[in-house]
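S.K.: All letters in the sequence shown, in the order written, are residues 3 to 665 by my numbering.
Hints in this document: simulated from the structure, not taken from any laboratory.
From a predicted model like this one, the values you see are computed outputs, not experimental measurements.
Where a beta carbon is used, it is the ideal one built from N, C-alpha and C, also for glycine.
Accuracy of the hints is not assured; some may be wrong.
[Said to hold, decoys possible] Okay, derived cross-link-like pairs now, SDA-like style, lysine to any residue, Cα gap no bigger than 25 Å in a straight line:
{"no.": "1", "residue 1": "Lys8", "residue 2": "Met19"}
{"no.": "2", "residue 1": "Lys396", "residue 2": "Ser640"}
{"no.": "3", "residue 1": "Lys594", "residue 2": "Phe654"}
{"no.": "4", "residue 1": "Lys507", "residue 2": "Leu484"}
{"no.": "5", "residue 1": "Lys594", "residue 2": "Glu584"}
{"no.": "6", "residue 1": "Lys221", "residue 2": "Arg208"}
{"no.": "7", "residue 1": "Lys276", "residue 2": "Asp331"}
{"no.": "8", "residue 1": "Lys276", "residue 2": "Val293"}
{"no.": "9", "residue 1": "Lys94", "residue 2": "Val51"}
{"no.": "10", "residue 1": "Lys321", "residue 2": "Ala373"}
{"no.": "11", "residue 1": "Lys507", "residue 2": "Ala492"}
{"no.": "12", "residue 1": "Lys594", "residue 2": "Glu342"}
{"no.": "13", "residue 1": "Lys94", "residue 2": "Asp147"}
{"no.": "14", "residue 1": "Lys507", "residue 2": "Glu53"}
{"no.": "15", "residue 1": "Lys94", "residue 2": "Ala120"}
{"no.": "16", "residue 1": "Lys8", "residue 2": "Lys221"}
{"no.": "17", "residue 1": "Lys276", "residue 2": "Ser179"}
{"no.": "18", "residue 1": "Lys221", "residue 2": "Asp173"}
{"no.": "19", "residue 1": "Lys321", "residue 2": "Ser179"}
{"no.": "20", "residue 1": "Lys276", "residue 2": "Leu182"}
{"no.": "21", "residue 1": "Lys272", "residue 2": "Gln262"}
{"no.": "22", "residue 1": "Lys221", "residue 2": "Arg259"}
{"no.": "23", "residue 1": "Lys321", "residue 2": "Glu190"}
{"no.": "24", "residue 1": "Lys321", "residue 2": "Asp331"}
{"no.": "25", "residue 1": "Lys221", "residue 2": "Glu190"}
{"no.": "26", "residue 1": "Lys276", "residue 2": "Arg208"}
{"no.": "27", "residue 1": "Lys396", "residue 2": "Leu385"}
{"no.": "28", "residue 1": "Lys221", "residue 2": "Gly193"}
{"no.": "29", "residue 1": "Lys276", "residue 2": "Val630"}
{"no.": "30", "residue 1": "Lys507", "residue 2": "Asp538"}
{"no.": "31", "residue 1": "Lys221", "residue 2": "Arg392"}
{"no.": "32", "residue 1": "Lys594", "residue 2": "Gln615"}
{"no.": "33", "residue 1": "Lys396", "residue 2": "Ala210"}
{"no.": "34", "residue 1": "Lys94", "residue 2": "Thr62"}
{"no.": "35", "residue 1": "Lys507", "residue 2": "Tyr632"}
{"no.": "36", "residue 1": "Lys276", "residue 2": "Ser640"}
[As the list claims (entries may be wrong)] Computed Cβ-Cβ distance ranges for the label pairs, DEER-style:
{"no.": "37", "residue 1": "Ala400", "residue 2": "Arg229", "range": "47 to 53 Å"}
{"no.": "38", "residue 1": "Arg236", "residue 2": "Thr427", "range": "50 to 56 Å"}
{"no.": "39", "residue 1": "Glu190", "residue 2": "Lys594", "range": "53 to 59 Å"}
{"no.": "40", "residue 1": "Arg291", "residue 2": "Thr427", "range": "37 to 43 Å"}
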Amino acid sequence: MTSSNKRPVQLVEFTAMHGVRYSVTLGYLKATSVADPVLDAACDFRISVREQSGGERATTALLDSWDEPFVVALTVFFWNRAQSLELARQVKERWPACRVVVGGNDVSHQQDPLFAEAPWVDVLVHGEGELRFRDLVQCFLSEGDLATIPGISYWSDGAVVTNPDADRITDLEQIASPILTPVYSDEEITGSSMIVYETNRGCPYRCAFCYWGGATNSKVRQFELDRIHAELDRLIRLMPTDATLFIADANFGILARDRQIAEHIVELSKRHDKRLIVSTNWAKNSNERIVEIASMLHAADLTGAITLSAQSFDADVLKIANRSNIRTDHYRRLLTRFRELDVPTYTDLIWGLPGETYDSYLNGVEEVLSAGGSPVIYPLLLLNNTEYSRESFKDEHALRTRWMPGDVTNPELVADVVVAHEAMTPEDWVNGMEFRVAMTLFQKILLRCALRVIHATTGVRMVELCARLQRFLLDDCSDPFLRAVARNVAVAYQEPAELDMALLKTVIGDQIIVPEEVHFQALLCRAVATERGTADLLTAAVDHLCAELADAGFEVDRVLVDGALSLDIAATTILRASLRGELVEAEFAVPKQGWNLLVASGDVPSSLDASGQGNTVRGTVWAPPRWVHYPISVYALSIWHGTGRPLHDLEFALPDRLPALTG
3 MTSSNKRPVQ LVEFTAMHGV RYSVTLGYLK ATSVADPVLD AACDFRISVR
53 EQSGGERATT ALLDSWDEPF VVALTVFFWN RAQSLELARQ VKERWPACRV
103 VVGGNDVSHQ QDPLFAEAPW VDVLVHGEGE LRFRDLVQCF LSEGDLATIP
153 GISYWSDGAV VTNPDADRIT DLEQIASPIL TPVYSDEEIT GSSMIVYETN
203 RGCPYRCAFC YWGGATNSKV RQFELDRIHA ELDRLIRLMP TDATLFIADA
253 NFGILARDRQ IAEHIVELSK RHDKRLIVST NWAKNSNERI VEIASMLHAA
303 DLTGAITLSA QSFDADVLKI ANRSNIRTDH YRRLLTRFRE LDVPTYTDLI
353 WGLPGETYDS YLNGVEEVLS AGGSPVIYPL LLLNNTEYSR ESFKDEHALR
403 TRWMPGDVTN PELVADVVVA HEAMTPEDWV NGMEFRVAMT LFQKILLRCA
453 LRVIHATTGV RMVELCARLQ RFLLDDCSDP FLRAVARNVA VAYQEPAELD
503 MALLKTVIGD QIIVPEEVHF QALLCRAVAT ERGTADLLTA AVDHLCAELA
553 DAGFEVDRVL VDGALSLDIA ATTILRASLR GELVEAEFAV PKQGWNLLVA
603 SGDVPSSLDA SGQGNTVRGT VWAPPRWVHY PISVYALSIW HGTGRPLHDL
653 EFALPDRLPA LTG
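Model the full structure from these sequences, guided by the hints.
M.R.: Given below as structure tokens:
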């Protein structure tokens, strides 16, 4: 409840992230507003960060906890748009006099569709909202004229009026800090699993699919370094161990001072004895500074995989996207440098970019896999205010979209998904979405070593090997549950209502902690459920693959392949440790030629010394004890996103006399 002499102002954000209690957007709004003594005296600003999964009951409970608000403001993204606008409707229904304000990149400059969809909204704020929102509340208090406030749209005499654009905030110190002011209590920071944090704003690139730079092409504006140091000191001191500090800059590492910021994070983490996960959007065209910063954070155990942002490797596709990409030779050099430093990477690819064919898509995946990288493939979402979303662009490239979950197993994240264009049929799109599941399952985990050896010794492309395994999973795998789950991937992307979640839960049980890529999670859990079942499945898959290649005229060295397979099978012990809570050890034997190949490709750690092993490298692997308590759902998704690496996360012993498993 609010004090009787102040007017309640409710600031609301619905988040898709579990355990998040901190909103940097709402923090800025409150901090900048209460920095004005008049507003601070007149209004009680309250922040509510709610998980989307709460549904209607949570929305009702939120409304019931409020006194009649003077203003309700919501920050709107594509993933929370429906829920945010429904809350706004219910606010207006309960309290007609309350002013409802919305902002955020999904609704900015979208006044006509927004007010048609949600006529109960009073004001839409375009672009940066901190100063506009402060001015709005002042205007509401004084019953002033909204026409005097730039950068907003609002109702006036039954019509929508849009004022001239507001200037971009050039001096970011005009935005008060929500960390250095009493906006968030110590308990609220300590209780949040993620803190989103900015050191600068703006993006100099003009990617046609991205709102960040494509719509604004803005210069990078920086918060003062002293402020950043002070904010990070409080955050890192209070954040819980294993929480995520997400640096939400568009291109972290693009500025020389970003190295200083990273050094400060490392120093503070040591000072406060804190292990955090530092995540960010790395600079698009990665450079040596990125390598230095990433290796520094990795050495301090503060980061997972580093993003190499490619999106596509096709020159025509990138031209349409207004994007200059990492040159292929530079990309391979970067991967080699990161591999030398044992820093994991992943490469973002987008399936469905205009101009991309199924063949060029596979070519891009092959470039990543053959270079030893980890592709993470996303569907193309049409975001408001991007060049791709313009009607003229959609007509020119025959874009077809569908309002559906970008990940069919997470129905809350609904978006405008590109499912066809002039170079991609709907069937191509579904095939591409299906392929990424099989590729991740086999290449990143189950048969990583065997596939590397087959690829290197036969010259058959990795994507062709993965496609053959995809068909094996659909048609020739002896496990009916694996076949059924694999088939439901394509069915669900063709028609999301056909998602068979009951089947997935039959396979995965109560192991789903994170509702993302649940098809993949279910396939993985089923595949590694028992030692015997895993060995039978992977041996059958390799037998099938080698037989097909032999029929096609390729000579397969089964001694090398079977040696690599023994390591693949052994590596699944780490997954069973998470799945079943059991620690076991497993042995492997890989011919030296195959072992050297796997080390050179980064598939096994380069730090392992096999020089005294003769012609065959023999050893034992086991999971560190903490993996017994590591949820399989979380680990599976870390593998999907390139951070989890079973062959690097395992403990290895290579000497002839091996120690017994302890702990």
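S.K.: For every hint, state whether the structure bears it out.
M.R.: Hints versus structure:
Restraint check for Lys8 and Met19: not satisfied, since their Cα atoms lie roughly 32 Å apart, outside the 25 Å limit. At most 25 Å may separate the alpha-carbon atoms for a hinted pair to count; Lys396 and Ser640 exceed this at roughly 34 Å. A C-alpha spacing of about 16 Å is found between Lys594 and Phe654, which places the hinted pair at or below 25 Å, so the restraint holds. Taking the CA atoms of Lys507 and Leu484, the gap is near 13 Å; set against the 25 Å cutoff, the hint holds.
This hinted pair does not check out: Lys594 and Glu584 have alpha carbons roughly 31 Å apart, beyond 25 Å. With a CA separation close to 11 Å, the supplied pair Lys221 and Arg208 stays within the 25 Å bound. Taken as a hint, the Lys276 and Asp331 pair is broken in the structure, with Cα atoms around 38 Å apart against an allowance of 25 Å. A distance of roughly 23 Å separates the Cα atoms of Lys276 and Val293; the hinted pair therefore holds under the 25 Å criterion.
Distance check on the hinted pair: Lys94 and Val51 sit about 20 Å apart at the alpha-carbon level, within 25 Å; holds. For the given pair, Lys321 sits about 23 Å from Ala373 by alpha-carbon distance, which is consistent with the 25 Å threshold. Among the hinted pairs, Lys507 with Ala492 is consistent with the structure: their alpha-carbon atoms are about 18 Å apart, no more than 25 Å. For the suggested pair Lys594 and Glu342, the alpha carbons sit about 20 Å apart, so the restraint of at most 25 Å is met.
Between the alpha carbons of Lys94 and Asp147 the distance comes to roughly 21 Å, so the proposed pair stays at or under 25 Å and holds. Annotation: proposed proximity of Lys507 to Glu53 holds, straight-line Cα distance about 22 Å (limit 25 Å). Of the supplied pair hints, the one linking Lys94 and Ala120 holds, its CA atoms being roughly 11 Å apart against a limit of 25 Å. Simply put, Lys8 and Lys221 have alpha-carbon atoms about 39 Å apart, too far for the 25 Å limit, and the pair is violated.
Our distance criterion of 25 Å between C-alpha atoms is met by Lys276 and Ser179, whose separation comes to about 23 Å. Restraint check for Lys221 and Asp173: satisfied, since their Cα atoms lie roughly 12 Å apart, inside the 25 Å limit. For the hint pairing Lys321 with Ser179, the CA-to-CA distance comes to about 39 Å; that exceeds 25 Å, so the pair is violated. Of the pairs offered as hints, the one joining Lys276 and Leu182 holds, with about 20 Å between alpha carbons and a cut-off of 25 Å not exceeded.
Simply put, Lys272 and Gln262 have alpha-carbon atoms about 15 Å apart, close enough for the 25 Å limit, and the pair holds. Between Lys221 and Arg259 the alpha-carbon distance is near 16 Å, which keeps this suggested pair within the 25 Å criterion. With a CA separation close to 45 Å, the supplied pair Lys321 and Glu190 exceeds the 25 Å bound. With a C-alpha separation of about 19 Å, the suggested pairing of Lys321 with Asp331 holds against the 25 Å cut-off.
Restraint check for Lys221 and Glu190: not satisfied, since their Cα atoms lie roughly 33 Å apart, outside the 25 Å limit. Taking the CA atoms of Lys276 and Arg208, the gap is near 37 Å; set against the 25 Å cutoff, the hint is violated. Taking the CA atoms of Lys396 and Leu385, the gap is about 12 Å. The hint holds against a cut of 25 Å. Between the alpha carbons of Lys221 and Gly193 the distance comes to roughly 34 Å, so the proposed pair goes past 25 Å and is violated.
As the CA atoms of Lys276 and Val630 are separated by approximately 22 Å, the hinted pair is consistent with the 25 Å bound. Proposed proximity of Lys507 and Asp538 is supported: the alpha carbons are some 23 Å apart, at most 25 Å. Distance restraint check for Lys221 and Arg392: the Cα-Cα separation of roughly 23 Å lies within the 25 Å cut-off, and the hinted pair is therefore satisfied. For a cut-off of 25 Å, the pair hint linking Lys594 to Gln615 stands: about 8 Å separates their Cα positions.
As the CA atoms of Lys396 and Ala210 are separated by approximately 12 Å, the hinted pair is consistent with the 25 Å bound. Restraint check for Lys94 and Thr62: the C-alpha separation of about 14 Å stays at or below 25 Å, so the hint holds. Our distance criterion of 25 Å between C-alpha atoms is met by Lys507 and Tyr632, whose separation comes to about 20 Å. A hinted pair counts as satisfied when its Cα atoms are at most 25 Å apart, and Lys276 with Ser640 qualifies at roughly 21 Å.
In this structure the supplied range 47 to 53 Å holds for Ala400 paired with Arg229, their Cβ-Cβ distance being about 48 Å. Range check, Arg236 to Thr427: about 53 Å between beta-carbon atoms, so the 50 to 56 Å window is met. The supplied range of 53 to 59 Å is met by Glu190 and Lys594, whose beta-carbon atoms lie about 56 Å from each other. The hinted window of 37 to 43 Å between Arg291 and Thr427 holds, with their beta carbons roughly 42 Å apart.
The structure is inconsistent with the numbered hints 1, 2, 5, 7, 16, 19, 23, 25, 26 and 28, although it conforms to all the rest.
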